[in-house]
Amino acid sequence: MTAFAARAALVQPSPIREFLSLATNPEIISFGGGYPDASLFPMAQLRAIYADLLTPANAQALQYTASDGLPRLRAQVAERLTRDGMPCGPDDILITQGGQQGLDLVAKLFVDRGDVIVTEDPTFIGALIAFNPCEPAYASVPMDEDGLDVDALAEILRTTPQVKLIYTVPDFQNPTGRTLSLERRQRLVELAEEFDVMILEDTPYRELRYEGTRLPTIKSFDTTGRVIHLGSFSKILAPGLRLGWVLATPEIREKLALLKLAADTQNGTLNMRAASAYLDAHDIDAHIAGMLPAYRRKRDLMLATLSEAMPDGVTWTRPEGGLFTWVTFPDGFDSAAFQRDLLIPRAGVLIVPGATFFAVGHRPNHARLSYSGVPDDRLVAGVRALGALVREALG
Numbered sequence: 001m002t003a004f005a006a007r008a009a010l011v012q013p014s015p016i017r018e019f020l021s022l023a024t025n026p027e028i029i030s031f032g033g034g035y036p037d038a039s040l041f042p043m044a045q046l047r048a049i050y051a052d053l054l055t056p057a058n059a060q061a062l063q064y065t066a067s068d069g070l071p072r073l074r075a076q077v078a079e080r081l082t083r084d085g086m087p088c089g090p091d092d093i094l095i096t097q098g099g100q101q102g103l104d105l106v107a108k109l110f111v112d113r114g115d116v117i118v119t120e121d122p123t124f125i126g127a128l129i130a131f132n133p134c135e136p137a138y139a140s141v142p143m144d145e146d147g148l149d150v151d152a153l154a155e156i157l158r159t160t161p162q163v164k165l166i167y168t169v170p171d172f173q174n175p176t177g178r179t180l181s182l183e184r185r186q187r188l189v190e191l192a193e194e195f196d197v198m199i200l201e202d203t204p205y206r207e208l209r210y211e212g213t214r215l216p217t218i219k220s221f222d223t224t225g226r227v228i229h230l231g232s233f234s235k236i237l238a239p240g241l242r243l244g245w246v247l248a249t250p251e252i253r254e255k256l257a258l259l260k261l262a263a264d265t266q267n268g269t270l271n272m273r274a275a276s277a278y279l280d281a282h283d284i285d286a287h288i289a290g291m292l293p294a295y296r297r298k299r300d301l302m303l304a305t306l307s308e309a310m311p312d313g314v315t316w317t318r319p320e321g322g323l324f325t326w327v328t329f330p331d332g333f334d335s336a337a338f339q340r341d342l343l344i345p346r347a348g349v350l351i352v353p354g355a356t357f358f359a360v361g362h363r364p365n366h367a368r369l370s371y372s373g374v375p376d377d378r379l380v381a382g383v384r385a386l387g388a389l390v391r392e393a394l395g
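Numbering-wise (this note's numbering), the sequence shown opens with residue 1 and increments by one.
Hints are not guaranteed to be accurate.
[Unchecked claim] Quick list of in silico lysine-lysine cross-link-like pairs, DSSO-like style, CA-CA up to 27 Å:
1. 255 / 164
2. 108 / 164
3. 108 / 255
[As the list claims (entries may be wrong)] Simulated restraints, written as ranges between beta carbons of each label pair:
4. 195 / 145: 37 to 47 Å
5. 194 / 214: 23 to 33 Å
6. 91 / 262: 14 to 24 Å
No lab work stands behind these hints, which were simulated from the structure alone. Heads up, the beta-carbon is just placed ideally off N, CA and C, and yes, glycines get one too.
Make a model of the complete structure from these sequences and hints.
In structure tokens form, the structure reads like this:
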């Protein structure tokens, strides 16, 4: 019998991953994975860049490079973050395999068995998957339309020993789409200082704002180095590049780099060179601005169709950006059972049942819907089918 380490029992499959095999079926309408719209990828520019890199003159693009990331790319990321109110240099940046690796590395660096990680309620499934092998305990902070409730957080910090880390997705949160208000961002840093805990700020959707005022990052209020800031090229360039970054103090960054060295040696040199060449040759901010109208229209179409299709008693969030809305069904409704028994077999529609987004006390009467990668006609058809079956299930 295979003798797995005890932590292996804590590595559980993601429900999103389980649905991805179904999502490849062309008959299925999937609101599951938070996929960008592939038609918005800068294909022509990237094709030219890769063609240039895959020549004898650029053979170094296929060679090993620094384990903490291509120096030029780290400098370019540092320049972007500095413009976003977080003054930093290349030595503060670690390039990672998407934002997901940043979650894994930070947990390994800071969390011992039994330490408490505070999360939003609900929170990102991928973060829980990354944290769980470190055997933490969890405390969850309720949310409202302004993000996590900082008064509830203060009470948790006062009454819960061994809190090591606060994890938050402040911009268009996964899964709810909510955004943490300016006042709460400032208060969050104050509480972290008062109770001497770290903050892990995860910002993969930050650039995808469709309305409202851009808010400063939590990291921008950090004066002592206790905020670790994660970002990613996945939603603003292409997820298949698997490129993200960590911004942290040089001491923390160096320890994270050693953990990365043990895990995978480095990111792929070719993809880092391609991303760096894209940033040198093209205006990524203009590219992002060009994507926003398409995503805004998809969001508006999703919300309008939900309003048309859903019965009374069902509610959903109205995100100012990002890729998701969070649907809440009446108490007693089990979205996972509904999907298994009705939604997939009768309508061929996929959602992500909400229970596993909760670190503490799974609540089944929720679901996450992503609108970003679904063609308009299929989006409307899928939401209408979802609404019709919800009406039937609720009687």
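Checked hints:
| no. | hint | verdict |
| --- | --- | --- |
| 1 | 255 / 164 | holds, 17 Å |
| 2 | 108 / 164 | holds, 12 Å |
| 3 | 108 / 255 | holds, 10 Å |
| 4 | 195 / 145: 37 to 47 Å | violated, 25 Å |
| 5 | 194 / 214: 23 to 33 Å | holds, 27 Å |
| 6 | 91 / 262: 14 to 24 Å | holds, 20 Å |
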